[in-house]
Structures are given as structure tokens and as C-alpha cells.
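Trainee: Below, each chain spelled out in residue letters.
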Amino acid sequence: MSGNGLKRLKEVEEKVLAGERLSAEDGLTLFQVTNLPHLAFLADTVRRRKRPEREVTYVIGRIINYTNVCWVKCTFCAFYRLPGHQEGYVLSREEIFQKIEELVDHGGTEVLFQGGLNPALKIDYYEDTFRAIKERFPVDIHGLSPAELIYLAKISHLSLRDTLRRLQAAGMGSIPGGGAEILVEEVRQTISPLKDTVEEWLDCMRTAHHVGLPSSATMMFGSVETAEQRVEHFLRLRSLQDETRMFTAFVAWNFQPEGTELNGKRASAFDYLRTMAVARLMLDNFANIQASWLTQGPKVAQIALDYGVSDLGSTIFEERVVSAGGAKFMASREDIERVIRDAGYIPRVRNTRYEILA
Amino acid sequence: MKREGRVEALVARAGLADLYGKVLKGERLSYKDGLRLYETPDLTAVGALANHVRERLNGSTTYYVRNLHINYTNICNKLCKFCSFYAKPGDPRGYVLSTDDIVARLEEHRHQVIREIHMVAGINPKLPYEYYLDMLRTVRAARPDAHIKAFTMIELAQIARVAKKPLADVLEDLKDAGLACCPGGGAEVFSDRVHEELFRAKLDNEGWFDVTRDVHRAGLKSNATMLYGHIETVEEKVKHLLHIRDLQDETKGFQCFVPLAFDPARTELEHIPVTTGQQNLREIAIARLLLDNFPHIKAFWIMITPQVAQLALWYGADDIDGTVNHYEITHALGTTSHCQVLGHEELLDLVNEVGRIPVERDALYNVMVAV
Chain P
1 MSGNGLKRLK
11 EVEEKVLAGE
21 RLSAEDGLTL
31 FQVTNLPHLA
41 FLADTVRRRK
51 RPEREVTYVI
61 GRIINYTNVC
71 WVKCTFCAFY
81 RLPGHQEGYV
91 LSREEIFQKI
101 EELVDHGGTE
111 VLFQGGLNPA
121 LKIDYYEDTF
131 RAIKERFPVD
141 IHGLSPAELI
151 YLAKISHLSL
161 RDTLRRLQAA
171 GMGSIPGGGA
181 EILVEEVRQT
191 ISPLKDTVEE
201 WLDCMRTAHH
211 VGLPSSATMM
221 FGSVETAEQR
231 VEHFLRLRSL
241 QDETRMFTAF
251 VAWNFQPEGT
261 ELNGKRASAF
271 DYLRTMAVAR
281 LMLDNFANIQ
291 ASWLTQGPKV
301 AQIALDYGVS
311 DLGSTIFEER
321 VVSAGGAKFM
331 ASREDIERVI
341 RDAGYIPRVR
351 NTRYEILA
Chain Z
1 MKREGRVEAL
11 VARAGLADLY
21 GKVLKGERLS
31 YKDGLRLYET
41 PDLTAVGALA
51 NHVRERLNGS
61 TTYYVRNLHI
71 NYTNICNKLC
81 KFCSFYAKPG
91 DPRGYVLSTD
101 DIVARLEEHR
111 HQVIREIHMV
121 AGINPKLPYE
131 YYLDMLRTVR
141 AARPDAHIKA
151 FTMIELAQIA
161 RVAKKPLADV
171 LEDLKDAGLA
181 CCPGGGAEVF
191 SDRVHEELFR
201 AKLDNEGWFD
211 VTRDVHRAGL
221 KSNATMLYGH
231 IETVEEKVKH
241 LLHIRDLQDE
251 TKGFQCFVPL
261 AFDPARTELE
271 HIPVTTGQQN
281 LREIAIARLL
291 LDNFPHIKAF
301 WIMITPQVAQ
311 LALWYGADDI
321 DGTVNHYEIT
331 HALGTTSHCQ
341 VLGHEELLDL
351 VNEVGRIPVE
361 RDALYNVMVA
371 V
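Chains as they are written, first to last, in this note's numbering: chain P, 1 to 358; chain Z, 1 to 371.
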């Protein structure tokens, strides 16, 4: 960093130590830092305020990618198959139950239900499926992401609010914040032009929070966006969180280039840690920053614990979406606990609402 | 808040203020200090201390080499439990590269810049003295522009045995045939307990020191290593590092220290989990702090992944090894491929991205000017 940059960094550091809110410019200054122990120190200072004990939470859960049929054609995605494609699938109810049974046998509590935008599946499919799951299993349904919800409302001729209410009544307890990508219109136009807009994504979250469904917030970085646009993304999430206080955690993953139209380079471990640290510093009203074991692997996810991360997300039995783009890391309870302990932290099992279970 | 203030806050929070004082004054750290560095949960504080020393000794410079590995035989009679590379004598998987094979291998890389050819292998009792000398002469003739870095201490002991000559004389022959320096592999952990349990047939710890002394006395530089992440204890690791530090005080012949992360895949110790990312960084940081008389600490990306090696440049490492090519002894972590190459551009990107300055070196740490 230049002399001027160091002077700016010192100002940002003073604000962090004083617990003051950081500006967009502060965020950009932090994205210039290459001194890793320095970034870790700053991010960890905030993490300690949020969680004084050296605790790291995780949930015993599994992802159910119920369908890969999708018409949105995001250029960063290697998972989808267009309607009519012979490799398209929708899981049967028996397949879904079997997966959940396995989860419950492992002491699991969270079912992350996520898939493509499949024109054949209307609201009654979800209502029936969720009810059937809740009748049989004591699990939290961490349901559909905003893109799925917005589309579902549309093809079911319902308002988004009514869609959310009906899903909630059927047993959906919270929403994963997937598909946020980068909340800057210019970036979305390049990487997912057919998907919901920035305003639609934020409105969906706002509405969900208003009907009483908490959600996480995500970011997919390392495709075409600039540091300014990453910072803008943080600010959009922070301001909605000021309004609703219903975001449970922030999680970022880097673009997985293999097999996608967008192609390009995979973001480095350095870029990942830096992004997590800046997220921890900018998102002062988020209780949790979550690492992405699936995309980073256990080594880097563990190192991220020193960079503001206080949650390791879910155990991973299987996953199909980002795995199609080259990510390949599974995570058992034993793996997660060992990695947390090895780094001198204390593992805690949580549920989807971030209540500590064990 | 001053820049120094931040590190002070960090080390105070971790309970390492006194060690920071010692580091600032350039005072030598003790055995007890070493144990504390392993026991301190806050890795960032340990890393910041190590980074302080790294920057004092090497600034932002990060050394790398364009190199090529040749593992001339996998036949070995030492049967070390942590090894997935060896084939016992008589095993059909066994191979020995002939000088023709080696020429062919070098030919594949004819158009590449190569500064260092790294040759290590198993202890194959069938190989005569002339084999080693021919191999060196062949490589030197084919690539006079590259340094030959060859033979771990146990291989040297074996070569002297088949030569039926004192090691000092053997080293002169090897130098005449083209040997430029020696790697540091095979040190494992200097503990009689670990030696007995994992590598009983191999040169013992005192033997390793004796051979190293002869090597340094012959004017050859070498590296030192430590294999961690198996059954060793923290105490054994600190003792290992201090042994090496003592020997360096005596000979000044070591260039670089390389912590080697044990990869349990396909070994007799497969039940042991793979080392973690924080462990990889911590070993590098502690080596940097304890080995105050070593000019360089290496992040060997083959064993800790290129991702973690990049981060290590802020935790004490100032050398990221190189492009490698064809390393047979272990697989790049999590892969089954022997085609383990990091492209030159990719390597430069990794270093530049974290604000470090890549500097190309040869096997003796001479700085190379751009080609």
C-alpha cells in the first residue's frame, strides 16, 4: 500500500476499534490490504464483540436439490438442464423422504430445499411436499431461495406475500439467501440476465422477513465484479438488515468456473479470506459470518475462522449445484468438529435459527 | 494508533507480549518459548510475529525456482510407514530410471527454462556407485544451465556404502560429476521414539547429523526438513527444530527449512487425518521464529496446496518452491496425479496477488534476471 493508503487504513482501523460503522470508502481501503495478519486482527476484533467465547457453530443438515430443471440459463451455472432436456430430473417423494431419514438418523435438523426454476412445479407441489415432510420428520425446512420464490409466485398467480405465507403455513421455517450473487444490476445483467433484479431480490427478502421468515444472505464473488461492486453488495445487505434484523448470517462463495459459460479463473484463498474479513467489518449488524466449506475445502474454511467467520454452515452429505462447477468437498460432523478444535475453537451444534443445541 | 500498536495489541491479546519483545530485540527463542508458540490458540498472533521476522530478513521478496524433479528409483528397502512411494526390492511396481530414461525425460522439457533439477529416490541396494556418477554426468551434459540438487542424507550414506570409500571422498566425486547442493528430505522427526515406530530401518538421527556435517564440510549447501502431522508430539517438534538450529550454528551450511506435511493417503498410517490449514501455517510460522539462523523458510505447495502456500507468505515463508514438474514421492494433496505442475504465470500471480515480490532464484539462491 502507498503512504496515503496506509494513512487511510489507520483511519479505518481507528473506526473499527471504536466500533464505528464503516463507509463504502472504508470498505474499498480494506480491499487494498494484503497484510493478512492485519486483516485477521481487524476482522477478529469485530468477531469477538459478536461472540466473546471462541465458539464456532454448525448445523447438522443436508441439501436436497429437488430439481435441476431450470430455464434461467445463468452463465456461471453448470447444474441446470433446460425443460425437456433428457438429463432433467425431479426427485420423487420417496427419494426425498429417504434422504431426510438418513439425515435424521445422523441427528440432523435442517433440510435445505433448493433447486432450479422448473415451470412444471406450482405452489401445491411445495405445500404438499413440505406438509408431508413435517408430518414425518422433526426437521426445519430451510426453503426456497428468492429466485425460486419469485418465480413460484408468478406461475402460481399469487402475490409473493401470499406465496410466502402459504409455504410458511405448510412448514417452511426460513429462507436461504442464495442467488444474491452480486446485488448490482450491471453485474447481474452480465452473469444472470434472466434472474430477478436487485430490487426483486431485496423485496423478496424484505417480504419474507415481514411475514416472519428469517433468511441468510449470500454473495457469489470472483466472476466479473469489481471491489466497488462487492462493497456495494455489502451496503445493500446492511441497510436491509437495519430495517428488518432478520438476516441470520452472511455467507460468500467464489464463482466455480468449470463447465460454465462464463469460464474464467477461480478466486484464490487470499481473495476469499480478504472478502470474508471485509464482510465481517462492513456487516456490523450481522451476528454471523459463515464459511463455505463446500467451495473452499476444509483447509481454507478453517483458516477463515481467524478472519471473522463464526459459523461453518452445514454438514455436507451431497450437493449438486456448485459441485457441478468443480467444488467437491464433503463434510461429516467429525470432520467439522476436528477442524474447529484443531484451530483452538469450540464446536457447537445449532439449529436453523442459530439456537445452540449442543 | 501506530502501526506497531496493532501488533502489540494482537500479541498482548494472545499472551505473547514477552515473546514479541524478544523478537523485536532479535533475541533467540528458547525450548519453552517454542512450546508456547504451539500451545497458543491465536494463530494470527503467532503469524504476525513470524511475519515480523520474515520481513526483517527477506522484506517482501518471495523466492521461487523453475525446477524439475527426477525420482530415479522407487525401489527401497527401508519400509518407512509414512511412505506411499516405495516398492520393496522384487516388487513388480519397482522401477529404476536408466541414463537413457533420464535423457528422454529431460528432452521433454528441452524448451523450458529450468534452473534446478531435483533428484531424490529410494534406497535401492542394487545400484552401483557408477550409476550415481553416470546419472549426474548425464544430467549435467544434457542441462549444463541447471543446478543439480540431489540426494538426501540417507541416499548419501547408501552411496558411500556401495562406493566403499569415506563419505568425504565420495562427496568430492559427486561434486566433480555435477552435484551442486543437497535437498533436506528424510530428516523426518529427530526422536528415537518416532524413529523406532515409523522408520526403524532408516539412518538414525545421529547418522543424519554426521552425514550433514560432512556435506557442509565439503562445501555443499543443503536444506533441512521436518515431517509433521503423524504421531509426533509438540515437544518432539520443538526439539527437532532446536537440533537443526544448533547444527546450523556449527556449520552454517543450511539454506532453507521446509516443513513437510504428512499425507496419509496410501500409507500404513492412512487412519490419520490430513493436516489442517491452520496447522500448515503454524508449522511455517514457528519454524521462522525458532530457526533464527536460517535464511529461508519454504512453503512447499505440493504438500499444503497452492492455496495455503499463498497464505503462508504472510506467516513466515519467503520461498514458494517452484513449478516442480513430475514429483513422484507424494501426490499433490487430494489428487492422484503425478503430473504436478504449477505454471510459471500462475506462480507469479499467486505471489503478486498477496503483495509479495516474486524473485526467481537458482538452487543456491542466486537471483536470476528475467529471461
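Just so you know, these hints were derived from the structure itself, not from any lab. Treat each hint with caution, since some may be false.
To be verified - When the alpha-carbon atoms are kept at most 27 Å apart in a straight line, the in silico DSSO-like pairs for lysine-lysine are as follows:
1) Z:K22 - P:K10
2) Z:K81 - Z:K22
3) Z:K25 - P:K10
Trainee: Is Z:K25 within 27 Å of P:K10, Cα to Cα?
Mentor: holds (25 Å)
Trainee: Starting from Z:K81, check that the Cα of Z:K22 is at most 27 Å away, please.
Mentor: violated (39 Å)
Trainee: For a C-alpha distance cap of 27 Å, please report whether Z:K22 and P:K10 respect it.
Mentor: holds (26 Å)
In terms of the numbered hints stated before, the structure departs from hint 2 and from no other.
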